[in-house]
Every structure is written in structure tokens, then in C-alpha cells.
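Participant: One letter stands for each residue in the lines below.
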Amino acid sequence: MLRRTLLTSAALAVGLAVSGAGAETVKAGFIYVGPVGDGGWTYEHDQGRLAVEEAFGDNVETVYQENVPEGADAVRAITQMALQGADIIFTTSFGYMDPTVQVASKFPNVAFEHATGYKRADNVSTYSARFYEGRAIQGHIAGKMTKTNKIGYIASFPIPEVVRGINSAYLHAKAVNPDVEFSIIWAYTWFDPAKEADAARALIENGADVILQHTDSTAPQAAAQEAGGVITFGQASDMGDYAPMPRVSSIIDNWGPYYVQQVGRVIDGTWESVDTWDGISTGMVGIGEISDAVPADLKAEALGMKDAIAAGDYHPFTGPIYRQDGSLWLAEGETASDGDLLGMSFYVQGLTGDVPN
Amino acid sequence: MIRLERRPSPSALWTAITPLIAVLLTMLVGGTMFAVLGKPPVQAIAAIFWDPIFGDFAFYYRGQLLVKAGPLILIAIGLSIGFRAGIWNIGAEGQYIMGAICGAAAGLAMYPSESVLIFPLMILCGALGGLAWAMVPAILKVRFGTNEILVSLMLVYVAETILASVSSGLLRNPEGMGFPGSRNFQQWDAAHNTELIAGTGMHWGVAASFIAVIFAYVMLSRHIQGFNIRLAGAAPRAAALAGVSWSRVILLCLGFSGALAGLAGLFEVTGPAGQISIDFNSGYGFTAIIVAFLGRLNPFGIVLAGLLMALTYVGGEIAQLNLQLPGAAIQLFQGMLLFFLLATDVFTNYRFRVGGAA
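So the protein lines, in turn, are chains R and P.
The working numbering numbers the first residue of the first sequence as 60 and each following residue consecutively.
The working numbering numbers the first residue of the second sequence as 100 and each following residue consecutively.
One or more of the hints may lead you astray.
[Unchecked claim] Which chain R residues face chain P? A few, computed with CB under 10 Å, are given here:
#1 Tyr91
#2 Thr138
#3 Leu142
#4 Met156
#5 Asp157
#6 Ile244
#7 Trp245
#8 Gly287
#9 Gly323
#10 Val325
#11 Gly347
#12 Gly402
#13 Thr411
#14 Gly412
These are calculated hints, taken from the structure and not from any lab test.
None of the values given here were measured: they were computed from a predicted structure.
Note that beta-carbon positions come from the ideal geometry of N, C-alpha and C, so glycine has one too.
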């Protein structure tokens, strides 16, 4: 008798859990690779989550899990969210690609959104931003601002997104300053303030007076401030605390509109798997306020480039562009295809060193 | 005047109850911390200790406890043997990585064959990879008397660098669009470390860890080599006089722990993790050191300690998600558990005396 009662109440509890997750409120889950307070990548995704809450109010419930390691632990974290009734789950780092696809195959009624990857399924969308458009503007400012002609670049992992950013920044720095040299340090991390600060200091000691970063903490900004006379750009987030010097501008990831759109589609029942790659034109990539440390005419040029990219008049990868080994990649006037850009694993001509492999 | 007095021999009672006291203290102080953060303390603690085993979705979490505990137990068993002999292998993380790399490389060389021999070959190479990496500090110690703590620890960083290099080079998935990371073993049946019974989390690595527990128990309590190891740790001079070869003990202990760590890496890469990637290692090699001591270097104690650590991880994630607790609060909670365990451990070897002269 007692056993029976226990079983019934257990069944009831499960029933409640399932019905609570369905119907009116849509539950949106977010898996973060860093802490929400990183001030960079994860912070901006969390801003997107808050935008979803604001847009739909009581019709939506959001949950998130921070500091989820990429790999086996991610499978558990994503499964957990799906089990607890999430209707749409955003997995916000490249390393969640295989885990997302794996979990998605077990939850065909849950919508999955994976950032920066390339594997899709009927219930898995991918989305990313054309950060290289912002890198072009950074490169232009950096090339004109540097006095030592040495630009330091803190890279994270040798994946196409990062290589693309390096190439884009270099091409545009070189275009305005033929003497410019890039020193690249691979940090093999997205977020490690100590490592990033060390990298920044090493670059500055070697004479770099511009630091570009593809890592998410503000540690390089702090290192540049300490050194003085060095300029930086905010990464992923505005990092406006360091304006006007050393931070002279920034690339801001603005995920809010996309998240609101996709959650809205789940609410309407019109969600389907899509591949989104947006840039400055839709606002997914934002350019943070260019500070007064940048001369007015240069600022105007940079904003002009931003407008041209937004209008579709200018593509940051427009030929002639040669690969590092001297072979031709893009002929005069030709622009890069998305396929080429997505798989980019080579440096352009003029960069020194090798893409690690 | 309160003072500590050394017990003539460790108290059996306290040895048994200190873990319980530590858990209770952690619940108390941790609960207070959650309350200060504005979260319901009872619910949070129930989420950590109750939900993974008895909650609504326990059918999934119970399996995850094994997935998480398996590698911890396997590595900790190997380490505990060495720790008993006073040989401090701190670099299991590196041996874990090298085991995974060597095993994965051996398998990938055969891709896309579906031969049944592939998985056994990978297991062998995984164990050998870990063994070889542990032989570096072992041989240096035997030959030149170097400190194995430093050498094994430093080799972790070397292994991490090799890992980064092979995942974006040698072992990179040729169909991976230029992204780092090997092929996914979960999509290759011949090399996939599947669940032995679906939904239980029980994979070959978990099975191997239980075999290792029994093996370690039998060796330590019944075999002459186990006696030699314990003797070498407890009374090195007596061991030397009894003809125990110190060099052999070093090679044996480091080799054994390296091989087990390598196996753990191989089972992880072919199972739950699925692929070699730049951040494949998730700290199991270091956490296993804690598990070994938490389990008091006793094989069965290590099983319990491994499961307890797994519980705090899995339960901690549940608390994070359900109550939106910050990740750092969970880490603090785990830290508290270890802190209280070590703190209450004092009572095993000491007792309080009130009053009286020294």
C-alpha cells in the first residue's frame, strides 16, 4: 500500500513537471562557456537573454547555466535543460557543436540554436556574426594610429573565425600603412585574464603600441592602461570602462534581436532550422563609440567604412588578395565567398609565422 | 585551556564518521551561504544531494554519476598505490591526456575500418601512452634522483601543449572545415566506447574502474608486491633491509598509476567526450588526487569518494540550473566539503583535552 502511494505520487510529480513545461510559457535556455560577468562574450549573450525576457515578459521563462566546459560536461548540461522542459536552447560556444547535435537527436521537439558552428539538423539551427567586418574597421584605425608600426594580436584558438579576424585586420592596417607588422600570440583560451594580461605585456614589451584581442576578458585593456600610450579595442562587449584610452573603439556582439526573433518563432510555432550569418548591416555586429583619442578625420573614415559595409557597397575581403605562400586567392575586384570564409585556415600575404597546426 | 593530544592510534570511530560530519557541516555553512545569496537553502541542498539520486530526472542523473565518477575512481586507484609508498604522482592529468592521444591516434590510423580489434588496440595504446608518460618521472627519479612531484606536474603542461598541437594538426578531422578537433568516435561504431546497458551511464571505463578497485584491494592486502609498497611507504629503511628494491617500487607505482590514468583518458575520449579537442582534459587527473585522499587511500573508500565528488558536480549543476545559483557558489560549496573533511580529520589522530598542564 505504502509502495503504491509512493509510486503514484512519483508519477504525479513527473506529470506535473511535464505539463508545467508545455503550453503557455515558453522556456528558453542558454548554455554559457564563461561567467555572465566576464564583460565580454558571455556577458553579451546574457544581455541577449535579458532582451528576450523584456520582449516577451510573462510569456517566456529563461534559464541559463554558466561556466559549462566544452565536451562531455556540455552534453549533461544541455540534456539537463531539455529534460527540465526548455523549448529552445541556445548553446553559445563553438565547442558545444557535437554535444548540441548529440542531445538534439534525443529531443526532437526541442529547438536548438548553436552559435558559430556548422552542423545543423531538423531541430538545430546555427548562427554567427560577421565579426571580420568589425575587424576591418579596427585594422584601419590601428594601421593609422600605430607609431611603432607594430601591432600585437592576442588570438584564442586557431579556428577559421579567429584566422579570418586576423586577416581582415591585417589587410586593412596594411592598406593604410605599408610598414605595419603583426605579432600574434595564441593564448589557447577564450577567457583567462592572467594569460591574456601576460600576452598583452609581452607584446607591449616588444614594441607593440596597438593591442587587438580575440579573447574575452578586459585584462589586455588593463595591461595597456598600465603601460600607457597603447591603444586597444573592446572585444565582444564595449568595454567602455577603458575609454577613451586605451580603448578607442570596440566590436560589440549584439545577439538580442536574433534571440528575440527565434524565441518569438517558437512561441508562434513557426521555428525551423536556419543558418544565420549576419554582420554590421543587421546590427548583429556593432561598432562601439570611437573615442576622442582617435583624430576626427580618421574617425570619419572609419565610420564611412562602417556605412559602406552596412550598405553592402564594400566587402572587407575584396581582391586582389594573395595567400601567405604568394598564390592568388582573390582576383582584382573579386569578393570572398562565404564558403571560403567559413573554412579559412590560411594567412594572407605579409603575415609572418604559421597558423598553428 | 584546550589543547590537542595525539591519539596512540587513529580512532576507528572518527575515521568512519568524519566524512558524515564534514557533509553535515558543509550543508549547514553552505546553506547559510545560499540563504545570504537570497536562494532557498533547503531546496538548494536537496538539489545537490537528493535530486541526482531520487529527483524527477534521476533516471538520467544516476547514469551521469557513474560517467563522472568512473574516470575519477580509475585514476585515484592508481594514484593511491603510489601515495601509500610515498611516491607522489601529481601529473595524472598529463598521463590522462597522453593515454587519450595515443589511444585515439592508434584508432584513427585504422579509420574507417570496422574491425572488432580496433577498440582493444586503442585500449592497449591508451594504457601504454599513460604508462610511457609516467615513465619519464619514474626513470629520472631512479636514475638521477629527481623529484617526481615536479617532473610529473611539469609534464602536464607539456601534454597540454601536445594536445593543442595534435587537435589542430596531426589528428584533426579532415572533414572538419578547418576547425580543430579529431573525428568523433561516437559516430564510429568500431571505436565507440558505448554504454554497456543503455541509459545507465555504465561504459567500459566504469567497468574498468571497478575491476581496478578489486585488483588494488587484492594486491594491497594479499600480494607480496602490495606488502612491499606499503612497507616502503611506512618504513623505508625496514623495506630496504628486507630486500625491497626501491627502484622497482618507483617504477611499479608510477607505471601503474600512469597506465590507469591513460586508460581513463582513452575511455573518456572514445565515450563521453567523443573527440580529441584542445580542451579535452577537464581536470579529472587533479580532482582524482583529492578523491584518493578523501577515500583515505583505501580502494573501497575511493569508490565512495569518487561517487561523492560526482554527486557534488552533477547536483551542483542541477542547483545552478534550477535555482540559478552562480557557478562560483557551487565551486565554493565543493571547496567547503573538502575543507571540512580535512578540518574534522584532525579528530582521527588527535583528541581535545580541556584543562591540565601540558
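Participant: For every hint, state whether the structure bears it out.
Facilitator: Cross-check of the supplied hints:
Annotation: Tyr91/R was flagged as interfacial toward chain P, and the flag holds, the nearest CB pair being 9 Å apart, inside 10 Å. Restraint check, Thr138/R versus chain P: the minimum CB separation of about 7 Å is within 10 Å; hint holds. Hint on Leu142/R holds. Least Cβ distance to chain P is approximately 5 Å, under the 10 Å limit. Using the Cβ-Cβ criterion of 10 Å, the hint placing Met156/R at the interface with chain P is satisfied: the shortest such distance is roughly 8 Å.
The restraint placing Asp157/R at the interface with chain P holds, with a minimum CB-CB distance near 6 Å, inside the 10 Å limit. Interface hint at Ile244/R: violated, since its Cβ lies 14 Å from the closest Cβ of chain P, which is beyond the 10 Å cut-off. Proximity of Trp245/R to chain P holds as hinted, the smallest CB-CB distance being about 8 Å (cut-off 10 Å). About 32 Å separates the beta-carbon of Gly287/R from the nearest beta-carbon of chain P, more than 10 Å, and the hint is not met.
Taking 10 Å as the C-beta contact cut-off toward chain P, the hint placing Gly323/R at the interface is violated, the least distance being around 23 Å. Checking Val325/R against chain P: minimum C-beta separation of about 19 Å lies over 10 Å; hint violated. For Gly347/R, the suggested interface contact is broken, since its CB lies about 27 Å from the closest CB of chain P, more than 10 Å. This hint holds: Gly402/R has a C-beta 5 Å from the nearest C-beta of chain P, less than the 10 Å allowed.
Because the smallest distance between the Cβ of Thr411/R and any Cβ of chain P comes to about 19 Å, over 10 Å, the interface hint for this residue is violated. The closest approach between the C-beta of Gly412/R and any C-beta of chain P is roughly 14 Å, which is over the 10 Å cut-off, so the hint fails.
When the structure is compared with the earlier hints, violations turn up for hints 6, 8, 9, 10, 11, 13 and 14 and for no others.
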